[in-house]
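All chains should be built: construct the whole structure from the sequences, respecting the hints.
Number of protein chains: 2
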Amino acid sequence: FAEVTKIANDDYVGFTFFVGCMAMMAASAFFFLSMNNFDRKWKTSILVSGLITFIAAVHYWYMRDYWGAIGESPTFFRYVDWVLTVPLMCVEFYLILRVAGAKKSLMWRLIFLSVIMLVTGYLGEAVYIDQAWLWGLISGIAYFIIVYDIWLGSAKKLAVQAGGSVLKAHKMLCWFVLVGWAIYPIGYMAGTPGWYEGIFGGLAMDVIYNIGDAINKIGFGLVVYGAAVASQEKSA
Amino acid sequence: FAEVTKIANDDYVGFTFFVGCMAMMAASAFFFLSMNNFDRKWKTSILVSGLITFIAAVHYWYMRDYWGAIGESPTFFRYVDWVLTVPLMCVEFYLILRVAGAKKSLMWRLIFLSVIMLVTGYLGEAVYIDQAWLWGLISGIAYFIIVYDIWLGSAKKLAVQAGGSVLKAHKMLCWFVLVGWAIYPIGYMAGTPGWYEGIFGGLAMDVIYNIGDAINKIGFGLVVYGAAVASQEKSA
Ligand SMILES: CC1=C(/C=C/C(C)=C/C=C/C(C)=C/C=O)C(C)(C)CCC1
Ligand SMILES: CC1=C(/C=C/C(C)=C/C=C/C(C)=C/C=O)C(C)(C)CCC1
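From first to last, the protein sequence lines are chains A and B.
To convert, note that position 177 of the first sequence is 177 in my numbering; the numbers rise steadily by one, no gaps.
To convert, note that position 6 of the second sequence is 6 in my numbering; the numbers rise steadily by one, no gaps.
Keep in mind that the hints were calculated from the coordinates and are not lab data.
Only a predicted model underlies this, so the values are computations on that prediction, with no experimental measurement involved.
Do not rely on the hints blindly, as some may be mistaken.
Identical chains blur together in the list; that is why a pair holds if it fits in one copy or across any two.
Said to hold, decoys possible - Once the Cα atoms are required to be at most 27 Å apart in a straight line, the calculated DSS-like pairs of lysine-lysine come out as: (1) K104 <-> K171; (2) K157 <-> K104; (3) K103 <-> K171; (4) K43 <-> K234; (5) K103 <-> K156.
Structure follows, in structure tokens:
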């Protein structure tokens, strides 16, 4: 038997950690087991989708237990998770645009920006909490550059060039980054004392982050999956 | 529920152990799941890349918990890990050069040298700490012979003979050994009392080693993966 702790029926944070953990595991199984239905060009993209949810599944496992045992926000694990999965999402952008001739430099640029965004976010959220606004600002700037790059910059041009299911997938992923990722700064503000804490109530931050993760990690992967299906059907 | 320990938000050593552990797991999944996309010549190389990161994932799991529970450098586990993974990297060199007619004797020579390097390094770091300089010196000599062998010795000749993606991969791996592996003697010096301890501060040694491992194990594997992709695309 596994060790068991009682969970309060109205522990919604705990509930979303459990649901999130299982959803990530199921999504990983789905991506890993279906990747071989596709040709090589798409296989790697779907494998990376699976890695993203797999990494998240492991961290949700920790976070769930951490929450159950200690009852605090597992900020540490969240950022360990993000610092691995967000760069992998940047890889995903590159993989999709590779057919249109995307260069590795685009990938490294996005990865670099995302790491800046997350490291400064961590410093503001967990280490230099008094300067949360400053670190959040730097983080936000990096975030906006990413948004600009994929919506209007070189990535956009490549997607238009490729057209078809690549363009469609790119556009969807762009929306994820603009709307889905924007959930996180909201969570950050909800978790920063003296900000909008009152509106959401301190603990809701974790619920916000958990919903964001489910949308962004699983949804992002499903868009890639859908693009692969569409491109396969057209060529069949 | 897993046993949970609290981790301080500014415990950067702990942070790199966690990120390292998860990155190694994800990399293993990536190599294992993608190896079947390649033809036989490359399949084994990618499998070995996966073994290297898998071995590391298990040891990072131990080291992470050791650090969390005891708060000391897990030198013991580190060398257990290296003594398995570094010889496997030597196997990787051999596998890549096999097409050019590399002999098994080259592989055994590199393996032998790497074991000397690591056993003497362990003696200096963990057992005869007072003679750290002597053991470090012997270890360093073995390291330099490895560098010489692959950069200028017989391995080099074979790589030039093979040309193409083999030569390119070999050159990249050579850079890993020269620059990436050089991170470890720096960590050794940072961890040896009375040396450059002051510059880095005692504990930074583990951060240095962890960054080195991520670069060398995952990066090394990705170079092999990239070579396999390149050679496949050319022949397709
Ligand atoms: C802009 C901004 C942030 C952005 C975080 C983002 C965009 C995280 C994305 C995470 C994803 C996509 C994870 C899952 O898969 C922080 C760090 C909260 C700090 C405040 C400013
Ligand atoms: C030269 C030298 C060392 C070299 C260690 C190396 C080169 C380790 C490489 C490890 C790798 C590549 C591991 C991971 O994959 C020691 C033992 C620190 C002792 C001091 C002298």
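- Task: Please flag the earlier hints that this structure goes against, numbers listed from lowest up.
- Result: No hint contradicted; all consistent.
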